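S.K.: Each protein sequence line maps, in turn, to chains A and B. According to our numbering, the first sequence holds residues 765 to 1103 in order. According to our numbering, the second sequence holds residues 765 to 1103 in order.
By construction, these hints were calculated from the structure, which means they are not laboratory data.
Since the list gives no way to pick one copy over another, a pair counts as held whenever it fits inside one copy or between any two copies.
Computed cross-link-like contacts, SDA-like style, restricted to lysine to any residue with a CA-CA straight-line distance of at most 25 Å:
id	residue 1	residue 2
1	Lys846	Arg986
2	Lys768	Arg793
3	Lys854	Glu843
4	Lys1045	Ala938
5	Lys853	Gly889
On a predicted model such as this, the values are computed, not experimentally measured, just so you know.
Protein chains: 2
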Amino acid sequence: MKKKETYNIAIIGATGVVGREMIEILEERQFPVNELRLLASEKSVGQKISFKGKSLTVGLAEEKSFEGMDMVMGDTPTEVSKMFAPMVKKAGAVFIDCSSAFRADPKIPLVVPEVNGEAALAHDGIVAGPNCSAIPVAVAAKPIHKKYGIKRMVVSTYQSASGAGKGGMDELAAQTVALLNSKEIPLKVFAHRLAFNVIPQIDAFLPNGDTKEEDKIMKELRKLLNAPELALACTAVRVPVMCGHSATVNIELEKKASAQEISLLLEKAPGIVIRDDMAKKQYPMPMDIAGTDEVYVGRIREDHSIPNGINLWVCADNLRKGASLNAIQIAEYLIKNPS
Amino acid sequence: MKKKETYNIAIIGATGVVGREMIEILEERQFPVNELRLLASEKSVGQKISFKGKSLTVGLAEEKSFEGMDMVMGDTPTEVSKMFAPMVKKAGAVFIDCSSAFRADPKIPLVVPEVNGEAALAHDGIVAGPNCSAIPVAVAAKPIHKKYGIKRMVVSTYQSASGAGKGGMDELAAQTVALLNSKEIPLKVFAHRLAFNVIPQIDAFLPNGDTKEEDKIMKELRKLLNAPELALACTAVRVPVMCGHSATVNIELEKKASAQEISLLLEKAPGIVIRDDMAKKQYPMPMDIAGTDEVYVGRIREDHSIPNGINLWVCADNLRKGASLNAIQIAEYLIKNPS
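Start from the sequences, fold in the hints, and give me the full structure.
M.R.: And the structure:
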């Protein structure tokens, strides 16, 4: 990214739940925006969204929409990202894509700025943002891996409805109301009822029995931590929470560390807040962290079932740190390190 | 237990959510009951509960209530169980206690009939039923441990509100309604809001950072599997589900087993139903298994992050198999194996 005073930014999927968060966060963080161009598919064209006191009109995302843009961000379906990526590159803009379209491509950097920001600088027009459950685990694991070496992690997730977008949140709300009123349960976004239930499947199944979500979390963690052989097991579960993904993370370290050493290390690490006070019953919970920017870590305990074991409980706002905020932090990293 | 045609049974805490399930299950399973005596604390005395078409009146639980009884069952608070245990013994009855009062006592058998039924026969007047999250994991782990040897398990739970009794379910319902109507959230049973949230704390904290719940699950699994040195890590989490506890179970085996071998083994094991059809999106979920008797296992996958790794997803009705049904199955085991 060349150095400029302000930048022209386009958001595709601007009316989606992550798109809207991006617009808010650009304003909140006083991102140096010159022009903000809001783009979406035909059905959302003409919607008005406010930005810095002005009402912006959503336009159609198409080839010519990217002309003159410095950066284009979005969290659109994979096939939409794949369609627009060459158009964004052709227009000379950098595409910061939250979808899974390019994450596994070894030529495309997969970036969480606190974890591997420098990787973003090697982009060739596309930077991918990781899966919303991989991000918080990577932020918590990075300083631990750097100092003590991680041999293996076992991750179980507690992922909220908003991981499936606005439709997921609406469906959880509608199901809850329907259930309380003994009405028929709407089922469109989720394969099963989510209200007052947990669903041990996110995304489709792969032949080996893992879901694509579990596969993405494991592969992306390895790429983010630059540890291609890292031993990982993962089970991804949807829980009836509106916003905020949580995970239990059981870690086997190369070198011994006490719970206190891990706690002190993470306290100083970028993008992490420790919430871990047993006496006050304080630990990260989705209800407290929705709308925040950091990755919250608590329940830091030694696991004596292996020589160097540590348990963590990790929680983050999946719409912000898990997608929109992370994309904007990538943009900030690019403009702070001009080419 | 001496052989008889029918038995006199008392239930303490008969008006509680587990007590009521016990009464229903005795009827459902045509347990050979002569007299059924329903007992509770003063505030519930006089309540009427139907059993086999008759209306029974709840009496006061006190020393003399146990006279003439063959077996006394209950899921009362620990201190209540401790108070009544000597009175039940003095009356010559066997106390089948679902509380945690006696579970850790090496002289008192801790029993899940499918796992270690024979241990119940060595009782000296008390048989303890395990924690509602330990039971399903033990039922699934037992045949695996017997055939392949379990070196280590990492367990993360997804425990429902009913694990905290009727008050827990009422609070989750009231919180949900309050939240949907923007009213004040009632907080009495749980330390934090549970509706649309997850709480990574069940029971009080121990100095080492584990909760008592996590400690109980690990210690009871070791006792049930007769594996005092079994390596275990556990994180217990409350989720906004009314009934049905779930858990991810990551297992390191001594001997190699394929996912298919584990599946075939568990299919034939007592008390287990396999629900594991990726094409049909079938796996155990609380909404499907509430009201059932078995332990449901699905998401059976090999975990290649260790030499002999297996992942399971386990789900059971915590009120039935996790407490009431298990107690009655212990009673059935005792009468089928008379002394």
